[in-house]
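For the protein sequence lines, the chains are R and C, in the order given. Using numbering that gives the first Met the number 0, read the first sequence as starting at 0 and increasing by one per residue. Using numbering that gives the first Met the number 0, read the second sequence as starting at 0 and increasing by one per residue.
Among the hints, a few may not be true.
Because identical chains cannot be distinguished in the list, a pair is counted as satisfied if it fits within a single copy or across any two copies.
[Claimed, not checked] Here are the simulated DSS-like pairs of lysine-lysine, each with C-alpha atoms no more than 27 Å apart in a straight line:
{"no.": "1", "residue 1": "Lys179", "residue 2": "Lys129"}
{"no.": "2", "residue 1": "Lys147", "residue 2": "Lys2"}
{"no.": "3", "residue 1": "Lys48", "residue 2": "Lys127"}
{"no.": "4", "residue 1": "Lys198", "residue 2": "Lys147"}
{"no.": "5", "residue 1": "Lys48", "residue 2": "Lys147"}
{"no.": "6", "residue 1": "Lys198", "residue 2": "Lys144"}
{"no.": "7", "residue 1": "Lys179", "residue 2": "Lys127"}
{"no.": "8", "residue 1": "Lys144", "residue 2": "Lys48"}
{"no.": "9", "residue 1": "Lys198", "residue 2": "Lys127"}
{"no.": "10", "residue 1": "Lys147", "residue 2": "Lys179"}
{"no.": "11", "residue 1": "Lys179", "residue 2": "Lys2"}
{"no.": "12", "residue 1": "Lys144", "residue 2": "Lys2"}
Simulated from the structure, these hints should not be mistaken for lab results.
Protein chains: 2
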Amino acid sequence: MLKLYYAPGTCALATHIALEEAGAPYEAVRVDFGSQAQRSLEYLAINPKGRVPALVTERGTLTETPSLLLFVAQHFPAAELAPLADPFALAQVQEFNSYLCSTVHVAHAHGRRGTRWADDAAAIEAMKRKVPATMMECAELIERKFLKGPWVMGEQYTVCDPYLFTIGSWLEGDGVDTTKLSGILEHRRRMLARAAVQKAVSAEGTHVP
Amino acid sequence: MLKLYYAPGTCALATHIALEEAGAPYEAVRVDFGSQAQRSLEYLAINPKGRVPALVTERGTLTETPSLLLFVAQHFPAAELAPLADPFALAQVQEFNSYLCSTVHVAHAHGRRGTRWADDAAAIEAMKRKVPATMMECAELIERKFLKGPWVMGEQYTVCDPYLFTIGSWLEGDGVDTTKLSGILEHRRRMLARAAVQKAVSAEGTHVP
Chain R
0 MLKLYYAPGT CALATHIALE EAGAPYEAVR VDFGSQAQRS LEYLAINPKG
50 RVPALVTERG TLTETPSLLL FVAQHFPAAE LAPLADPFAL AQVQEFNSYL
100 CSTVHVAHAH GRRGTRWADD AAAIEAMKRK VPATMMECAE LIERKFLKGP
150 WVMGEQYTVC DPYLFTIGSW LEGDGVDTTK LSGILEHRRR MLARAAVQKA
200 VSAEGTHVP
Chain C
0 MLKLYYAPGT CALATHIALE EAGAPYEAVR VDFGSQAQRS LEYLAINPKG
50 RVPALVTERG TLTETPSLLL FVAQHFPAAE LAPLADPFAL AQVQEFNSYL
100 CSTVHVAHAH GRRGTRWADD AAAIEAMKRK VPATMMECAE LIERKFLKGP
150 WVMGEQYTVC DPYLFTIGSW LEGDGVDTTK LSGILEHRRR MLARAAVQKA
200 VSAEGTHVP
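Could you build the full structure based on these sequences and the hints that come with them?
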């Protein structure tokens, strides 16, 4: 059985939702960030990056959300969570998810984990100050160029949707005025109406604005 | 015909090499970063992110290196640039490439493009100071946990290899002492012996340490 290591408020929620959407047999294991359990020797043996998510499969452990989402879509093809037979469309899915992991998630992380990139307290404060602007810029680009509606890729619900939902739920906490982001807010409402989303959100105890 | 927009010294080299490895018909178009051509209206119409690479296909434009690499592997399956029939192994490829784009490339970018994340000059200097340490940490993790040898995924050469080669060629410029990184240096030498790598490197005029 698959085992998903997660912590509430992290991007692990995207994979958690995807597993629910797929009807996958899995166990969700909470990693206690409060006690820094992600840095324990026990957890580092599972994921040497000391982060979540990590998905333990019968063939080994996978990390990185875009990889986990592709794996869930391919491992449970009946759930039709990605356009697996169409290389261009599948590349569009990976393009969107890569943008979320390499640009949007990174912009967000500068508000909370600035010590990754600088040791100086004033620099870390300077990073925090820019987060509302960088996150707004990302959200606007997503609305203008990528979110086709009703789902990210258009008519087909894909693994892009739980990932956008997850990172999109951080916007208010990042100081972004989401009243201007009607596309993302509508997408969020649509997501919250899905049973799989409700189940994962409730299991994690995640706050969605 | 595919059209790859690139600039020398950027991660576009990974896709450039992959296209050569695939024997793909393509045209490489240089974007002049010196004159800020990536921010011109003409280029923003191609890629609204204002970055390279961008790959123009007959069905539209794709961005983000992990997506482009997957597309090349899937579009030219005879080149066997990814374990396409094995969801777990393919997820491992995406895991590695996601790590490069979301963590390693981002660590590197703090030395050159700190204005993405802070407006304060002192903060940008503080970011630069940390780059040698963060890049070394990434390189060590790659050697310890991911680079199986002789190629990233083991016996099969995949799209992970041009991507590691590309980002690995930035290490010296980032202040990392690569004499301690024998795995990455051997991988670099192995890559430089391939005709496809030589052709892409020479076409771009890229300096590889």
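Each hint, compared with the structure:
no.	hint	result
1	Lys179 x Lys129	within (19 Å within a copy, 36 Å between copies)
2	Lys147 x Lys2	between (32 Å within a copy, 24 Å between copies)
3	Lys48 x Lys127	both (23 Å within a copy, 22 Å between copies)
4	Lys198 x Lys147	within (25 Å within a copy, 38 Å between copies)
5	Lys48 x Lys147	between (34 Å within a copy, 17 Å between copies)
6	Lys198 x Lys144	neither (30 Å within a copy, 34 Å between copies)
7	Lys179 x Lys127	within (21 Å within a copy, 35 Å between copies)
8	Lys144 x Lys48	between (32 Å within a copy, 10 Å between copies)
9	Lys198 x Lys127	neither (32 Å within a copy, 43 Å between copies)
10	Lys147 x Lys179	within (17 Å within a copy, 47 Å between copies)
11	Lys179 x Lys2	neither (38 Å within a copy, 36 Å between copies)
12	Lys144 x Lys2	between (35 Å within a copy, 20 Å between copies)
The structure fails hints 6, 9 and 11 (numbered hints given earlier, in ascending order).
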